[in-house]
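Colleague: The lines below spell out each chain.
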Amino acid sequence: MSGAAIRCEGLGKRFDDTWVLRDVDLDVYRGEVLGLIGPGGHGKSVLLKCLAGLLSPDAGRVLVDGEDLARLGPLGLARVREQYGYVFQNYALFDFMSVRDNVAFPLRQQAHLPPAEIDARVAARLADVGLAHALDLLPRELSGGMKKRVGLARATVGDPAILLYDDPSAGLDPVTSSKIFQLIARMHRPAAATVVVSHDIDRMRSVCSRYVMLEHGHVVFDGPEAALADAPESVRAFFFGAAHKHLEGR
Amino acid sequence: MRNVLVGPVSVVGRASMGLMATLGGATMLLGRILRALLPPRFDRDEAWRQLYAVGVKSSAIVMVTALFVGAIMVIQTAFYVQRTGATSLLGFGVGFTVFAEIGPILIGLMFSGRVGANNTAELGTMVVTEQVDALRALAIDPIGYLVVPRFIAMIVMMLMLMALGDVFAIIGAALTADTLVGVDPSVLIGDILDSHLLDEYLLGLGKAFCFGVSISVLSCWYGLGVRGGATGVGRAVNNSVVANAAAIFFIDFVMGWIFPVGL
Amino acid sequence: MNAALERGFRAVGAPLVAVGSHAFGIYSVFAQVVMALLKGAVRWREVVRQSYLIGNRSLFFITVTLGFLGLISVYQVASQIQRILPDFTMMGPAFIQLMWREFAPTITGLMIATRVGSGIAAEIGSMVVTEQVDALRMCNADPVRYLIVPRTIASTVMVMMLTIYAVFIATIAGMVLADVVFNVSPSTFVSLSMVSGQDVVLGLVKALSFGFWIPIVAGQAGLSASGGSAGVGWATTRAVVASSFAVILLDFIISGIGYTVFDL
Ligand SMILES: Nc1ncnc2c1ncn2[C@@H]1O[C@H](COP(=O)(O)OP(=O)(O)OP(=O)(O)O)[C@@H](O)[C@H]1O
Ligand SMILES: [Mg+2]
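Chains as they are written, first to last, in numbering that gives the first Met the number 0: chain P, 0 to 249; chain F, 0 to 262; chain B, 0 to 263.
Careful: at least some of the hints might be erroneous.
[Said to hold, decoys possible] 20 Å max Cα-Cα, derived EDC-like pairs, lysine to aspartate or glutamate:
| # | chain 1 | residue 1 | chain 2 | residue 2 |
| --- | --- | --- | --- | --- |
| 1 | P | Lys48 | B | Asp141 |
| 2 | P | Lys48 | P | Asp67 |
| 3 | P | Lys48 | B | Asp133 |
| 4 | P | Lys146 | B | Asp141 |
| 5 | P | Lys48 | P | Asp24 |
| 6 | P | Lys146 | P | Asp100 |
| 7 | P | Lys48 | P | Glu66 |
| 8 | P | Lys146 | P | Asp127 |
| 9 | P | Lys146 | P | Glu116 |
It should be emphasised that the hints constitute simulated quantities derived from the structure, not laboratory data.
Okay, chain P solo, but in the shape it has when bound (with noise of 0.2 Å):
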């Protein structure tokens, strides 16, 4: 374990005159599953954009491999995101292209890949997922779990090391929900570096080693489960299911 794999330095993100994220110091390192967990609309899906730099911070900053991705440049920064793949929370699949070509799309864009092996790697991932049937569907065709397991299998296809995973299982029955996890353990390589935002703490236990919760844009717990005994009430809470009741209460 060489250093963080990405690093957040007292980040903060506002909107008009809102901070949606305030002062966020995490590390990310290789080889583990974090577990980025809270509040619906306390900023989990705008960190995972800050940590991606598809939102640019407006406080503090965010090192990939110990480089500032505010300072890279368009080049550096195409470089760093060869690295990435992300699940966006609501699939964002291009609707003007076919399954297939979704899941092409970031092969075309980054490797010099002849066409017979991108297919090939296509079709592989498509199998993957237990889409095999489905490579010539438009992404208007497909059903809200089978899109996102499309959006997963873009998102993998280039064997990215860092993986950002946004709500993958949202929205989806419950055996849906399993295989989905299943995947996201399968996909996890020992050298990548994996953060899975998610409600189904349930779930996630299968997968992740570290937790961290946000609330209110703050982070309020950084630690495995084993840590959960000496937090808050709070995350404590939130993390064994009470969390409706608690919010209320406040």
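Mind docking chains F and B with the ligands on chain P? Use the hints.
Modeller: Below, chains F and B with the ligands without anything else, positioned relative to chain P:
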């Protein structure tokens, strides 16, 4: 080969089917609006709010457009006046095109782009977020509450902006005449005022009234007919501005035909 | 007193700041498009597809609007001529010249701004709010280069072609009206005797710059969309207004330069 032949025919066919549906739907909406006006059954406060909102949204862009319309017409007229030596016609040419023809068309197009498109977007968003259904559930008539106030606001504002826009167009014309063409602004303005253009001015206002009716009815019709999320709203706005532009040219033609103006 | 002054400054300042940042946004998209063009990184297949879409979407629309414009212009001019000097020989040639110089490019530009500009903003805007543009970025596909550059090239070419078509349609409409209502024979009406090479160049330069700027202005509006369906509607509105206004502004600039510098 077949495609080459069938393509244009089917395009025209589909376009005319769409035209029929739009005309029918918009006419029925206009009927319902008029019924709500006689006797008046609509929300007065909302009408005032809309009047203010429409005015705030559109005055700046319409004024600036008018300035440029006047400027462009001076340049084009000067070109012909210079070639033919008929310098006395500069004022008439500028005034005629600005008041009766190009002024109304361009100001109408800008108004449709700013207010009509915005209106379709607003109503369309209310439809996809089910706010219109919520109104119905509260036994509030969407026509009386949403459509009629916008109808009134757009007609009134379109008339006012046309009346004012003509003034700004003259200012733009005078500024350009001075700087680019080398004609003294006071001479140009005097020329325009001496050209007996009252009929043209009134024709422009008449067109503005009709544009106000068509823009409000069409933009409401497209807005209330939105289906399917963000993409649907975007598409409705697109259709609405296209229909409004076609309507503006059609109205311009019919009005010019019915009320011939000029020397 | 101070508070009132501050409120006054805000009322004047806020729109100015908004216009300024909008203009800067457009300039930055423009710069990126130019960079991409200089590097030659263009997806030609997409250019062809976009050209087809632009033509297909606007041919009927241009036929209708320019047809009516041709009819009413000839009707009004001919009515004036009939009353003062019943000599129609110059009417057709002058009409065709004025179409080339001014109305065909400008009205075509405005129609494309309305039809295609709003379409571009709606399309790109809904890609933004559904995070597809973020997904493009994550795949290292630059949204400006990927989405806006092909549309810019396509629209530059198509607005020029459609302008020529617009002259044609307006002339046909005017010719029919002149023949039926004022008894001017088509052979008298249709004549290019007054159209000089300079007029043609002036018209085409206008068409070229309208075609180039419309996707940039509209694409910028689409890319700055935010927040659900309301955001897309708002971006589409802004695209229509801004690209129509760009056409009028460019028309003024080009006409002004043409008149003062080249005596056109
Ligand atoms: N582009 C934006 N403009 C303005 N506000 C935004 C934007 N994106 C997010 N926000 C605000 O930032 C806050 C955090 O949003 P975020 O999407 O990160 O929540 P989240 O933790 O991912 O919630 P969920 O679990 O429901 O996905 C919200 O209050 C949201 O309104
Ligand atoms: Mg989220």
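Colleague: Hint compliance check: list the failing hint numbers for this structure, sorted ascending.
Modeller: 4 and 9
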